[in-house]
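K.L.:
So the chains spell out like this:
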Amino acid sequence: MAMTDERTPIVLPDDPSFGPDVQLDYPGYRSTRLRVPNRPIASLPEELHDLEGPVFGNDALDELDSDLTRQHAGDPLGERIIVTGRVFDQNGRAIRGALVEVWQANAAGRYHHDVDRHPAPLDPNFSGAGRCLTDDDGRYRFVTVKPGAYPWGNHENAWRPAHIHFSIFGRLFTQRLVTQMYFPGDPLFAYDPIFNAVRDPSSRRLLVARFDLETTQPEWALGFQWDIVLGATPVET
Amino acid sequence: MTLPRTPSQTVGPYYEIGLCRRSENELVPPGEPSAVRLTGQLLDGDEVPVSDGVIEVWDAENRRWGRCGTDADGRFSFLVGGVQHLEVYVFARGLLRHQLTRIYFPGAASEAPAALVAEQEDGGLRFDIRLQGERQTVFFAV
Numbered sequence: 001m002a003m004t005d006e007r008t009p010i011v012l013p014d015d016p017s018f019g020p021d022v023q024l025d026y027p028g029y030r031s032t033r034l035r036v037p038n039r040p041i042a043s044l045p046e047e048l049h050d051l052e053g054p055v056f057g058n059d060a061l062d063e064l065d066s067d068l069t070r071q072h073a074g075d076p077l078g079e080r081i082i083v084t085g086r087v088f089d090q091n092g093r094a095i096r097g098a099l100v101e102v103w104q105a106n107a108a109g110r111y112h113h114d115v116d117r118h119p120a121p122l123d124p125n126f127s128g129a130g131r132c133l134t135d136d137d138g139r140y141r142f143v144t145v146k147p148g149a150y151p152w153g154n155h156e157n158a159w160r161p162a163h164i165h166f167s168i169f170g171r172l173f174t175q176r177l178v179t180q181m182y183f184p185g186d187p188l189f190a191y192d193p194i195f196n197a198v199r200d201p202s203s204r205r206l207l208v209a210r211f212d213l214e215t216t217q218p219e220w221a222l223g224f225q226w227d228i229v230l231g232a233t234p235v236e237t
Numbered sequence: 001m002t003l004p005r006t007p008s009q010t011v012g013p014y015y016e017i018g019l020c021r022r023s024e025n026e027l028v029p030p031g032e033p034s035a036v037r038l039t040g041q042l043l044d045g046d047e048v049p050v051s052d053g054v055i056e057v058w059d060a061e062n063r064r065w066g067r068c069g070t071d072a073d074g075r076f077s078f079l080v081g082g083v084q085h086l087e088v089y090v091f092a093r094g095l096l097r098h099q100l101t102r103i104y105f106p107g108a109a110s111e112a113p114a115a116l117v118a119e120q121e122d123g124g125l126r127f128d129i130r131l132q133g134e135r136q137t138v139f140f141a142v
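If you read the protein sequences in the order shown, they are chains A and B. For what it's worth, the working numbering labels the leading residue of the first sequence as 1, then goes sequentially. For what it's worth, the working numbering labels the leading residue of the second sequence as 1, then goes sequentially.
Pulled out of the complex, with its shape left as it was, chain B reads as follows:
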């Protein structure tokens, strides 16, 4: 038996009501030795920050999950650690279905495509997500 899939619709501009009621962006406690701050910006095809997006990250190795809505500058921020890479879902107003990417930690995996490795910045890590254009982030079909 194969049932027809329920189609996707955009998360819209008001997702904070349902998806950001709790602070859920710390995958590891702040005191943990491996804890590192991962920040980035979500950008549209004109490199304009997307202020109504939401990023979900999944550390499947340690079964730790986090979620963060983007702020007025399109920024998101997570506290992560003890992992080689994160699976990342991107939702936004104007995206009728979420996109999937992956963020590798620097030096974590030799097979990691360079475009998906976070950069060291101010003692933390940085990974910007570009939804379209020449520098579009590598997204996976899902």
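So here's chain A without its partners, still in its complex pose:
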């Protein structure tokens, strides 16, 4: 497996042969070194190919879960945004009733979490957590504030591009996905080993939301569109 030390480049050249797969042992992301499996992986048990996954209902949601700007007494600081998109399987079918969970830093780049020691202010009006179920068109929608970039200890002068963490449960158990959504034009893209662990540039672009004037609400909030494609659903027999 790839070894990492101070001489390991943080970002490797593009390699489209990876397709949509992230390089699990990407050396520039130091924390992979002792955590990525380095022994052979077994093939997927046959019965898991079409096993249905957990299904969540409205009882999984609290009121205001999809509006991260209204979960406290006051308005959070930052640039108010709407993030919306549709969840599909690879066959192009919308997945309705999919549980979508998000978490993010506040506008200053600070997480509401004990482990985060970045000396940027916490915002008493922002927890940074949201949930929703996709509608009949597979659509999710969150109102939030744009998260800030923040430093991390991976290497000298390391900064994460602004991102929102997404967790999605598909229809099938194998369609589970946890990923991160990024914002268009971020100058930090070229320096981030997590983003670039997706070696294929066209796959990497799928992690970046699109600014959308139609979604933007006048005098209120900028709008971003980001669709999510989970694994294929085997053809029903």
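Derived by calculation from the structure, the hints in this document are not laboratory data. Just so you know, these numbers come straight off a predicted model, no measurement behind them. Positions of the beta carbon are idealized from the N, C-alpha and C atoms, including for glycine. Check the hints yourself; a few may be wrong.
Said to hold, decoys possible - Derived contacts from chain A toward chain B, CB cut-off under 7 Å, selection only:
1) P20
2) S43
3) T84
4) A129
Since the structure of chain A is provided, determine the placement of chain B on it from the hints.
P.N.:
Then chain B, alone, in the frame of chain A:
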């Protein structure tokens, strides 16, 4: 039509904000006769506990699901019962994509690989998950 899949990214160190807002580790109620405590540790290649991992279990037979973040000792804990095996997803900082394994209950299935059978311990069950090395847990391609 085949759409390109959205790539995976790590759950990172702050997943508790979004994924652990509720206690979700009891698949059966504590009073249920079959209820048994399943605990384990998530360990890295140096056998060091992974304190920022999250384990999800799916009992497909009874359609019961649970999730538990690991604590400072890398420990996770579920209350389970009435099932032969659980499908298990492992997420952690440093894992760019989740891993899949399976935990069998002792004596539940004759075809179960020994490495995937939980051990009896203190009236409950124990199953440690090792992310890499000689004793790496059996993971399935997903």
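K.L.:
With reference to the structure, classify each hint as holding or not holding.
P.N.:
Going through the hints against the structure:
The beta carbon of A:P20 is positioned within 7 Å of a beta carbon in chain B (closest approach about 4 Å), and the interface hint is therefore held. For A:S43, the interface hint holds, the least distance from its beta-carbon to any beta-carbon of chain B being 6 Å, beneath 7 Å. Checking A:T84 against chain B by beta carbon gives a least distance of about 15 Å; that is not within 7 Å, so the hint is violated. This hint holds: A:A129 has a C-beta 5 Å from the nearest C-beta of chain B, less than the 7 Å allowed.
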